[in-house]
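Required output: the full structure, derived from the provided sequences and hints.
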Amino acid sequence: GAVVSQHPSRVICKSGTSVKIECRSLDFQATTMFWYRQFPKKSLMLMATSNEGSKATYEQGVEKDKFLINHASLTLSTLTVTSAHPEDSSFYICSASGREDWYEQFFGPGTRLTVL
Amino acid sequence: AQRVTQPEKLLSVFKGAPVELKCNYSYSGSPELFWYVQYSRQRLQLLLRHISRESIKGFTADLNKGETSFHLKKPFAQEEDSAMYYCALTATDKLIFGTGTRLQVFP
Chain R
1 GAVVSQHPSR
11 VICKSGTSVK
21 IECRSLDFQA
31 TTMFWYRQFP
41 KKSLMLMATS
51 NEGSKATYEQ
61 GVEKDKFLIN
71 HASLTLSTLT
81 VTSAHPEDSS
91 FYICSASGRE
101 DWYEQFFGPG
111 TRLTVL
Chain P
117 AQRVTQPEKL
127 LSVFKGAPVE
137 LKCNYSYSGS
147 PELFWYVQYS
157 RQRLQLLLRH
167 ISRESIKGFT
177 ADLNKGETSF
187 HLKKPFAQEE
197 DSAMYYCALT
207 ATDKLIFGTG
217 TRLQVFP
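Chains as they are written, first to last, in my numbering: chain R, 1 to 116; chain P, 117 to 223.
Keep in mind the hints are simulated off the structure, nothing from the lab.
Hints may be right or wrong, so weigh each one.
Cβ pair distances, simulated, as ranges [unchecked claim]:
(1) R/Ser89 to P/Gln158: 21 to 27 Å
(2) P/Glu124 to R/Lys14: 22 to 28 Å
(3) P/Lys125 to R/Lys14: 21 to 27 Å
(4) P/Thr215 to R/Ser9: 21 to 27 Å
(5) P/Met200 to R/Thr82: 27 to 33 Å
Covered by chain R, according to a simulated footprint, are these stretches of chain P (three or more residues, beta-carbon under 8 Å) [claimed, not checked]:
(6) 160-168
(7) 208-215
Using N, Cα and C, we set each Cβ at its ideal position, and we do this for glycine too.
Here's what the structure looks like:
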């Protein structure tokens, strides 16, 4: 199956700083990438959907100025958590899908963000 | 409203016992449903989709539109089936996940 990587796998930062998380599709062109947030013992919450070369579509309640998403190429999307606060601490997961089967999403391993 | 409900947070069975992980959905259109699985320390991956009507690792799931259900079944559970299972529904251009059921299979 297709491989999606995320970097970093784990990051600890101070409150007020910004953190960038990268999501790459390694062996296929991802026309659509999705960013999820997973709370402990809860389901995945879709934050936004990004299509290559266009602005991301954010879910209701997700601050687009706080969670900046860029999908500059068919193999890379980035999520930047700006001015992070402790409540932003979470597990962030990206997924990617190709041109035809957008619903078959290939997931990255996730990034654990801890804001002190 | 589009919603996926997995009523059981945890399901524990012994090896060899039958397993049924429940999933109910709410969707106004024609749904496409999936089961995703996450094994310990591994990433989420697609297990099966209802349109393919295939059996993966012995698991099957039938879409019951009358009961709006898509339960995942396996006649004889194995220890390696222990994982987190998420039912998901397509809604236009995104997936909506249920809260997940942790399956524990004891030896």
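Each hint tested on the structure:
1. R/Ser89 to P/Gln158: 21 to 27 Å: holds (22 Å)
2. P/Glu124 to R/Lys14: 22 to 28 Å: violated (40 Å)
3. P/Lys125 to R/Lys14: 21 to 27 Å: Cβ of P/Lys125 to Cβ of R/Lys14: about 34 Å, so the range 21 to 27 Å is violated.
4. P/Thr215 to R/Ser9: 21 to 27 Å: holds (24 Å)
5. P/Met200 to R/Thr82: 27 to 33 Å: holds (31 Å)
6. 160-168: With 4 residues closer than 8 Å to chain R, the segment 160-168 of chain P meets the three-residue bar; holds.
7. 208-215: n = 7 at 8 Å, threshold three: holds.
Hint check: violations occur at hints 2 and 3; the rest are consistent with the structure.
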